[in-house]
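The whole structure should be built from the sequences, with the hints applied where relevant.
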Amino acid sequence: MFKFIKRIFIWWEVSTLGTQWHTFLHGEKVGSDDEGNLYYKGKKKAPLSAGMPERRWVVYNGDMDATRIPAEWHAWLHHTSDLPPSEAPLETKAFETPHETNKTGSKEAYFPAGSPMSGGKRASATGDYEAWRP
Amino acid sequence: MATLTIDGIEVTVEAGATVLQACEQAGAEIPRFCYHERLSIAGNCRMCLVELEKAPKPIASCAMPAGDGMVVHTKTETVKKAREGVMEFLLINHPLDCPICDQGGECDLQDQAVGYGRGLSRYDEGKRAVKDKNMGPLISTTMTRCIHCMRCVRFATEVAGADELGALGRGEGSEVTTYLEGSLNSEMSGNVIDLCPVGALTSKPYAFTARSWELKKTETIDVMDAVGSNIRVDSRGNQIMRILPRLNEGINEEWISDKTRFHYDGLLKNRLDTAFVKSSGKNAKLKPASWQDAFKAIKKAAKGVKADAYGALIGDLADVEAMFALKTLLGQLGSKSIECRLDGSTGQTSARSSYIFNTSIGGIEHADACLLVGCNPREEATLINSRLRKRVRVGGFAIANVGPKADLGYPVEELGNDFNHLAQVTVGTHKFAKALKAAKNPMVIIGQGALKGKNGAGVMASCLELAEKYGMVSEDWNGLNVLQHAASRVGALDMGLMAGGVDKVLGDKTEIVFLLGADDVDADKLKGKFVIYMGSHGDAGASLADVILPTAAYTEKQATYVNVEGRVQRTVQATFPPGEAREDWTVVRALADVFGVDVGFNNMGELRAKLYEAYPHFADEDVLDGHDTKGFATKTVMKMGKVTSIAAEFAGGYYMSNPIARSSNILAEVVANIAEQQGSKAHG
Ligand code: SF4
Ligand code: FES
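First to last, the protein sequences are chains B and H. The numbering used here numbers the first residue of the first sequence as 7 and each following residue consecutively. The numbering used here numbers the first residue of the second sequence as 195 and each following residue consecutively.
For the record, the hints were derived by calculation from the structure and aren't laboratory data. Careful: at least some of the hints might be erroneous.
On the chain H side, residues computed to face chain B include the following (Cβ under 8 angstroms) [as the list claims (entries may be wrong)]:
(1) ILE286
(2) GLY431
(3) ASN432
(4) GLN433
(5) LYS463
(6) ASN464
(7) ARG465
(8) LEU466
(9) ASP467
(10) HIS731
(11) GLY732
(12) SER737
(13) GLY773
Beta carbons are placed, not taken as given, at the ideal position from N, Cα and C, and that holds for glycine.
Shown next as structure tokens:
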């Protein structure tokens, strides 16, 4: 019950009922990424005359975190590419690493060595000058 | 005299002034790139366009002489359009790399693009790219950024006296380059970094180390030579990032030498950051110690030592306060044996005018004949040399040299390397005597090289005779100059820190020797004596010491220095001394407690009050105390013989003349580069 009320009113844990309803009525599934996020586009090519592009959206599989969207889907969502990666997969180079979400604010966040957040002890200052020794 | 109307304001300017200067006088700001007060007028950037009534098109105000009755507008629509147009043209080939450019934040082009540019670019074509040039270890070049203002070229030929810099090609193909792809043969080359209005020429050692706006700026003075150039020290945290010149018309105008500009990394190297005490026994070695231990060792050594067994030597970088404190301390201990003339100079010191540069540096411009005696101003006082050069360029200036041949960057009549020639000029039989006789304001510059050793008094006497004979000293002119090369020297001589030479101070009687930053001391003469070294850098002097007391370098203390003209100037603290090091005078104050004597001051205020009481002129900052023309005479007869210049004796050469410079990697690189260039020249 609590979950249901949450689905009506809040949008940051899981997509709202409104979104689900809209997706059901107007959405056409385009594909999904490795994390299981689903991508949709509007069924009608509606008011294109007004200069509006096709509507594209994502329904997250779990956490609502925009950084979970990999680069190729991000490009499609933002109309940088016309075809979704499911139809026109992006060429990947040898040096590219798999997509990662933004770790800021999470447990895996990066802190430099010696930061109190990583529990480390700061190395003692080494001095910014060179001392003379006989 | 010409009277112009600028934006409705009437101004009267001197004859020969330009429209740009008139506009400035009327308070109208004119943007510019190529115009510079101290360089010739080029008129090739066109940024200074203004509207002149009755002229068919906008005029370049920097190149247009102000004429009577001109009506100039600087704020009209035409002027705005003209500036926008010029700016757009300049930006066509200027890369958009401000974020990675060291000039960012202090760039004329950046500022003026914001102030006078269009804000948008319409340019769609490819930009020009220019190969970077090699200008040695000090200047980093990104020639694509060059806007061809030619300031650097004019500086090199007009002020620095190095003709290697010039422009090749024309139109879009023109490039500023050193013809032979080598560093500039000048110790003033660093100034092109300040002159370049864009980031084409930047400092190589400073490259990518800091942004101009994050630096703390401290206005202080330089101690690399006795000129006392006014400088600005830019520091971040406890590190000095760069040194820039500060305007002082009387001394350095707005230039500084490369040694002044680039010695700063030496301030963080070889530093004495703790006290040292030499262990006893056979393999005696200096070991780091606490201040207490150091003082204990001194106390032990001083037990039973007689009053006249104390001696002190003053190094080249010592400040007035430290010297005064040490003098007071020695006085309280009962000794007068304190000596500053480590180079063995024996010139006259009876009157102030007998050891300072009486003409004053600015005064050189009024001289019309000059005789150099045993000095190489290029190496002993670079900024004085550039003043002389400036005077030579104006013309009507006869200059001759008695002493070793030297390339000063301008033509000098070489009279020969023997005091004989000086005597001939003095008697009047030499042909240069004519030039001196004809001159209205003749001057003579006597280097420490000529005043060294036994002959010093004689040379001084001969020069005095020369001065009298050719009317060098009169009511409103004093042409008798002694060129000091050590920053501490004039101040020390003002306080009379002389005890008959180094040898006398280090005589058999002496048991305890204080070295106040004195490094050029003969190790043999210190044998068997207890040596207390006070200084900032571990150099020759420190390795000879029994106890080392670490003190502050000149950027780390508030101190007084007197320059070669007798001008009192003060340094301002920019950073803190490293580790356990303390300001020099506080160390002396602490020593007073160790010896159980009272020096009569506990803080800087009391010290300075005592100092001013004893020597009132130290209170007057930045004044020249007139031309003191009387008060000394000497009758010693000069012996003939070879003349030397002190520059030839700098251990390691010009760039290595003091412990800070010797610690600097940048200057070491310069020296290596010079050696390399000379080597490649020799091999053709
Ligand atoms: S390098 Fe700098 S100073 Fe020299 S011409 Fe180019 S912009 Fe001017
Ligand atoms: S400042 Fe006048 S043309 Fe450059």
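Hints versus structure:
Below 8 angstroms, beta-carbon pairs count as interface contacts, and ILE286(H) has none with chain B, the closest being about 31 angstroms; its hint is therefore violated. Taking 8 angstroms as the C-beta contact cut-off toward chain B, the hint placing GLY431(H) at the interface holds, the least distance being around 7 angstroms. The criterion of a C-beta within 8 angstroms of any C-beta in chain B is met by ASN432(H), whose closest approach is roughly 6 angstroms, and the hint holds. Taken as an interface hint, GLN433(H) checks out: its beta carbon lies about 5 angstroms from the nearest beta carbon of chain B, inside 8 angstroms.
At a threshold of 8 angstroms, the smallest CB-CB gap from LYS463(H) to chain B is about 5 angstroms, leaving the interface hint in force. Taking 8 angstroms as the C-beta cut-off, the interface hint given for ASN464(H) holds, the closest approach to chain B being about 5 angstroms. With a cut of 8 angstroms, the hint placing ARG465(H) at the interface with chain B holds, because the nearest CB-to-CB distance is about 5 angstroms. For LEU466(H), the suggested interface contact is upheld, since its CB lies about 6 angstroms from the closest CB of chain B, less than 8 angstroms.
Using the Cβ-Cβ criterion of 8 angstroms, the hint placing ASP467(H) at the interface with chain B is satisfied: the shortest such distance is roughly 5 angstroms. Against a cut-off of 8 angstroms between C-beta atoms, the interface hint on HIS731(H) holds, since the closest Cβ of chain B lies about 7 angstroms away. Against a cut-off of 8 angstroms between C-beta atoms, the interface hint on GLY732(H) holds, since the closest Cβ of chain B lies about 3 angstroms away. For SER737(H), the suggested interface contact is upheld, since its CB lies about 6 angstroms from the closest CB of chain B, less than 8 angstroms.
Hint status for GLY773(H): holds, given a least beta-carbon distance of 7 angstroms to chain B, under 8 angstroms.
Of the numbered hints given earlier, the model fails hint 1 alone.
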